[in-house]
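Note that the protein sequences, when read in sequence, are chains R and B.
So the first sequence is numbered by the working numbering: it starts at 169 and just counts up by one.
So the second sequence is numbered by the working numbering: it starts at 6 and just counts up by one.
Take the hints with a grain of salt, since some may be wrong.
[Unchecked claim] So, partial list: chain R residues that the calculated Cβ filter (under 7 Å) puts toward chain B: (1) THR656; (2) ILE683; (3) THR684; (4) THR685; (5) ALA692; (6) ALA699; (7) GLU702; (8) HIS706; (9) VAL712; (10) LEU714; (11) THR757.
[To be verified] The calculated lysine to any residue pairs, modelled on SDA-like cross-linking and capped at a C-alpha distance of 20 Å, are: (12) B/LYS32 x R/ALA763; (13) R/LYS664 x B/LEU25; (14) B/LYS32 x R/LYS653; (15) B/LYS45 x R/GLU725; (16) R/LYS682 x B/PHE52; (17) B/LYS31 x R/GLY700; (18) B/LYS60 x R/GLY716; (19) R/LYS664 x B/LYS45; (20) B/LYS31 x R/ALA658; (21) R/LYS664 x B/ALA53; (22) B/LYS60 x R/GLU715; (23) R/LYS664 x B/ALA28; (24) B/LYS13 x R/GLU715; (25) B/LYS13 x R/ALA713; (26) B/LYS45 x R/ASN758; (27) B/LYS32 x R/ALA713; (28) B/LYS31 x R/VAL661; (29) B/LYS32 x R/TYR762; (30) R/LYS664 x B/ARG50; (31) R/LYS682 x B/ARG50; (32) B/LYS32 x R/GLU659; (33) R/LYS682 x B/ALA53; (34) B/LYS60 x R/THR689; (35) B/LYS13 x B/ASP63; (36) R/LYS664 x B/LYS31; (37) B/LYS31 x R/SER759; (38) R/LYS785 x B/ARG50; (39) R/LYS653 x B/LEU25.
Because the hints were derived from the structure by calculation, they are not lab data.
Quick reminder that beta carbons are idealized off the backbone N, C-alpha and C, glycines included.
One-letter residues, chain by chain:
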Amino acid sequence: MDYKASAQSVLDAIGGKENIVSAAHCATRLRLVIADNGKVDKEKLENTDGAKGVFEASGQLQIIFGTGTVNKVFEEFTALAGIEGGTKEDVKKAAAAKQNIFLRLIKTLGDVFVPILPAIVASGLLMGLLEGLTKAIPGMAESNWYTFFHLMSSAALTFLPILIAVSSARAFGGNMFLGAVVGMIMIHPDLVNAWSGDAVNSAPVLFSIGSYSVRLVGYQGHVIPVILSVWVMSFVEKKLHKVVPEILDLFVVPLASVLAAGAVALLVVGPIFGQLETWVLQGASWLISVPFGIGGFFVGAAYAPTVVAGVHHMYNMIEAGFLSAGGANIWMPIATAANVAQGAAALAVALKTKNKKTKAMAVPAALSAYMGITEPAIFGVNVRYKKPFIAGIIGGAVGGLFAALTKVGASAYGVTGIFGILITVPNSEYGLGVWNIVNYLLTIVIASGAAFAVSFIWYKDEAPREKNKVYSPLKGTAISLSEVKDATFAEGVLGKGFAVIPAAGKVVAPFDGKITTLFETKHAVGITSDAGLEVLIHIGLNTVALEGKHFTALVNEGDTVKAGQTLITFDQKAIAEEGYDITTPVIITNSDDYADVEVLGQGKVGFGDAVLSVKEKEQEIATAEAQA
Amino acid sequence: MTFEYVIKDSLGIHARPAGLVVAEAKKYASAVTIEAKGKKADAKRIFAVMSLGVKCGDTVTVTCEGADAEAALGGMKAVIEGNL
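One chain only, chain R, in its complex shape (with noise of 0.2 Å):
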């Protein structure tokens, strides 16, 4: 049946959507609270696709759709009334529409990996501190506890792949037990593993038309081919849902959407990644034999942003090709450069958060970096919050030329970070002498401390938005608006507020909000966030007598614009050399509308921090708490 159809057609035969007073829904009723009961065509109801029967009770018009069917009629009809601000993801979608691709991609990878990290922070931690004690222990792989905790810390790791494709699909909308099937296929034991090095090159070949042809590989390690081929599934499954006959819908829509997924797994992403990875592992054998610690710097910039591309399988390849060439591998310090570096970096956000969530997350992923597990660092931190990400590249760079510079070398492959100490120890075989193992050291040391002081330095935490604030549209010295030297202002005529003298020419959007006036002058815009407040900032007092000279405006009336958008350029000079005072107030023009405004500003403001905080009346609060 058609669910929107039917809700429109219960819309209009209840009078329209200024006739709703509410909307509700149970198993299997439709419950309307009706403003004015005249207006509702009862004969059209019963008559609506779907419905059941329709009846009065409880002050509720009631019209019964049956199990399974309700909730889709209720939510095209909240949609087609316009009762609610659209479903969470209708309102996640248009946030993320306004951004680049590159950023909604980080965002997406954040929505992805967050829920996971649970999963993976103390598997990886504890597979990290197992792997590197088996190899200082000799006869530890083969003790029972090693076999025992192998299990249990190397699952999630193992398996990744299912729990980024859950996941994935909660984030896309999509069915997460389908989700975890796409997973399943993706890695599927008939594969061949993807970190089984030269195998994947003789995997068997499913088609092949001239240059172009499927392997048959897994997906072990891959992060982006996993939500794409999810993101496929997802978007399939919505479509079909709202084609597909309900009869048929068990069993059409999972078998075409994962069908769907696994095509586009197999037959697209893998043999482009195939490729990539292949362009990548030559790329990556050139560039580290460039000399000067040039190859170095540039292989431990670029090792990180390969791993979350999922472009990394290969380079074991490039290290067993130093070993069996008969020399040291000078690949791996260089690898560890760059993973420590993503460890400091994410330690470094650890350290300067206040966010306790975020700390207690940080602090084992970038403890298991150092031991060479780098996805919690990577995905869960660093990542999200972007800058972390870049401060370990620029660390991984820094530490890859401080390694190549002094050659240092591995005897074997398999381990990096603190573990790969073991490795880089006096070896006459590759010709690794004491000085190997202080340049492997400082190779850390310098990697996570340039990684680090970026990191601490540039990370900020994002400042928690909430709606009954305002925050510093200028940077300057807050004042008192009884200090403004204008009297409409200094005796808020116009409203609560404070003022700035500016430090800088520059406004920018104190809140989410809307450009409600734009003076035609430009000295002035008014600007209404989403819950209502409404704030005036009047750039220098009579500059609207400058008529717009010194001011530029970057966004017009109606715009809708995102906390901190610079709205106002103005040059601050120029106005003070024509005589005019350049003190700006900031005022909360509806503060009638509020119990009380309380200035938060003092002394030195930036921009961003928070200067003003309104008080709900407290009818309204109750009103609010009553419909929670």
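Put chain B on the given structure of chain R with help from the hints.
For chain B alone, kept in the frame of chain R given last:
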């Protein structure tokens, strides 16, 4: 009840006089609206008044409706004539 007025202030209705107009309008229970160039604004809302973009030489029509409309009209007239 209405009255018309031609703006004399060379800068039109900018923030400061708008604030005074709004402050005056808020004193009364009556609904007070200002109309100019075909747009109508609630005189008790500063953003609405400023959004009219009234310039020097424009004609504004002030309307007061309600119990104290007469007093409101007098008050509005005084504040507008005195400041604009």
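*Which earlier hints turn out false for this structure, listed by number in ascending order?*
Hint check: 2, 6, 10, 14, 19 and 27 fail, others pass.
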